[in-house]
Amino acid sequence: MGELTNIPQWTWEVAGYRLVFNSETLIMSWVVMGALIVFGVLSTRKLSFIPGTAQTLGEVMVTAFEGLVNDALDERNRKYFPLVISVFMFVWLSNILGIFPGLSEPTKDLNTTLGFGILGFIIAHYAGIRTKGFKKYALEYVQPMFFMAPLNIIGELSKVVSISFRLYGNIMGGFIIIMVVSDLVYSLVLPPFLNAFFGLFVGTIQAFVFTMLTLVYISVQTK
Amino acid sequence: MAILEVQWVEAAAYVGAALCMGFGAIGAALGEGYAAGRAAQAIAKDSELSGPILKNMLIGQAVAESAGIFALVIAMLMLFVNAEGATLVQGFAYLGSGLAMGLGAVGSGLGSGFPAAEASEGLASNPSTAGSLTTNMLIGAAICQTPAIFAMVVAFMLMFTDYSSMALWPTWAALLGAGLSVGLAAIGSGVGSGMPAGSSTLGISRQPAAASQIRTNMLIGSAVSQTPAIFGMVVAFMLMFVDFSDRAAWPTWAALLGAGLSTGLSAIGPGIGNGFTAWEASAGVARVPEASGPITTTMLIGQTVAQSTVIYGFLVSLILLFIPLEASTNIVDWTIPLSAGICMGFGGIGPGIGEGIAAAYAVNRIARDAEQRVLLTRVMLVGQAVAESTGIYSLIVSLLLLFVV
Chain A
1 MGELTNIPQW TWEVAGYRLV FNSETLIMSW VVMGALIVFG VLSTRKLSFI PGTAQTLGEV
61 MVTAFEGLVN DALDERNRKY FPLVISVFMF VWLSNILGIF PGLSEPTKDL NTTLGFGILG
121 FIIAHYAGIR TKGFKKYALE YVQPMFFMAP LNIIGELSKV VSISFRLYGN IMGGFIIIMV
181 VSDLVYSLVL PPFLNAFFGL FVGTIQAFVF TMLTLVYISV QTK
Chain B
1001 MAILEVQWVE AAAYVGAALC MGFGAIGAAL GEGYAAGRAA QAIAKDSELS GPILKNMLIG
1061 QAVAESAGIF ALVIAMLMLF VNAEGATLVQ GFAYLGSGLA MGLGAVGSGL GSGFPAAEAS
1121 EGLASNPSTA GSLTTNMLIG AAICQTPAIF AMVVAFMLMF TDYSSMALWP TWAALLGAGL
1181 SVGLAAIGSG VGSGMPAGSS TLGISRQPAA ASQIRTNMLI GSAVSQTPAI FGMVVAFMLM
1241 FVDFSDRAAW PTWAALLGAG LSTGLSAIGP GIGNGFTAWE ASAGVARVPE ASGPITTTML
1301 IGQTVAQSTV IYGFLVSLIL LFIPLEASTN IVDWTIPLSA GICMGFGGIG PGIGEGIAAA
1361 YAVNRIARDA EQRVLLTRVM LVGQAVAEST GIYSLIVSLL LLFVV
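Protein chains in written order, with this note's numbering: chain A, 1 to 223; chain B, 1001 to 1405.
Because the hints were derived from the structure by calculation, they are not lab data. This structure is a prediction, so every number in the text was calculated from the model and none was measured. Among the clues, some could well be false.
To be verified - Listed below are several chain B residues computed to face chain A (Cβ distance under 8 Å; list not exhaustive):
| no. | residue |
| --- | --- |
| 1 | GLN1061 |
| 2 | ALA1062 |
| 3 | VAL1063 |
| 4 | PHE1070 |
| 5 | LEU1399 |
Claimed, not checked - Under 7 Å between C-beta atoms, here's a sample of chain B residues computed to sit facing chain A:
| no. | residue |
| --- | --- |
| 6 | SER1066 |
| 7 | VAL1073 |
| 8 | MET1076 |
| 9 | LEU1138 |
| 10 | ILE1139 |
| 11 | ALA1142 |
| 12 | MET1152 |
| 13 | ILE1230 |
| 14 | ILE1331 |
| 15 | THR1335 |
| 16 | ILE1336 |
Just so it is clear, CB atoms sit at the ideal spot from N, CA and C, and this is done for glycine as well.
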């Protein structure tokens, strides 16, 4: 059970500051990015009217998300569609990465999920200011009354916390359950089913939830 | 045989882990059971739809399970915590952490069962809306877990901050109070923000064309229902980060524990009450999408008024936190701040729920006949003011305890 508290790290001293990197998270994030780049190249390299396997997969995903994005965002803000689908593909592949032996989920590290949460937060607020103008955007913080401003600001910031901790908690929880049960049953019989449930099923649902919430935050800001 | 200090800390960590998983298992199981029951009911109406309903139920339950999984993460990390060199005060941090996450998961687990349950009902009555139903269910259930996530954040901070160098008195009460404050406050908001998620999911199956309006209303209603949990989190942060070392340990410890209980308990009522109001508002927007403006306005007014008791609780907490007390170990002197917190805490539960129900009926009627809005809002406000009186009595008794007795 030592894996639970043991985090492999790289430490660098730069100008008196100690920089700590979680090596496992970094490597696994690059694995995910590499896989997505390969998929991107394969699915668009030979675009044809009768699609091949990779192109079909890509088209299915784009079509499914296009509908969701078009429902949530107005004409001006459809440009965020590529961002939304990229977030989904990255988070989804990250969540299910643990089912492959030797690999682990980068999203079971809070740094990854918090990074994505902050990214979505900044983009949502940028989109809000771009769409409504700064004055109208700022006035929303004093709704319904001026003394609610601190609460509104905490409420906005808590969105970042909630979206990133939700993903982290679920993936970390799945990882812990798989590890503990595998240890108890000497890795016999049960682990594949647990991996299927927590890795594939919960991982897919949580990736979808994360993406939809990012989309909803953008949509709330631009309305 | 003397017990080493580090053994006390380890023991506290184990008790904390047990409290965390024990309490944390309550909510998610209730929510999932309710979802399964409603799914069976829906399948009984139209057994040909058993496939999609069952699939939807499983997805909904998997999301509702999250609250229990959060509790498991904290409990497991606490079991393997390194207590070496820790002093007794760290043990109270573990207890507080376990209480925060355990209690905090109760409401969200139950609440995220509502959208899963209503989605089955909606699927049975209008199977063609399956896609947007499931999306709304997932968003609603995920939003409703926010209070549990607040509790998880506080639990993490309590567990991984090193308090060993702090004085045992009164820090232990601050840490325990922080856990109780955020944990208790998350119960009400968790249940409350599940309610609009449920009714909006059912509403989308009835009025698929208005899906985006219903969802916007649901998001506003849930966000406001979560304000009491934010109050609880703010008090928890103050208890954790404000330095109380220059204050007299006795009776400050009682004031700190009282501060946590005051906001934590008084947040339960408004959280649930706001949920009732938001439930009717989402249902109303689904019935008459054109009236979404007046419905949302009335909902916000009703919810803001229903939140007054948690604001009283927050006020009492601030007084307890920041007004220094004279040093005294006399039983009378430390019972007073503790009683003030308990009085306002319990006193805030009832009015919050009652006022929320009053606002819920008003919103329901305004959704049917928007022209009566002015009259109904007035009746709602008068009724809420009367329902609030017991909360004001609690506030008066708390203030009398603090400043007069």
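Output the numbers, in ascending order, of every earlier hint that fails for this structure. Checked against the structure, the hints that fail are numbers 1, 5, 14, 15 and 16, while the rest are satisfied.
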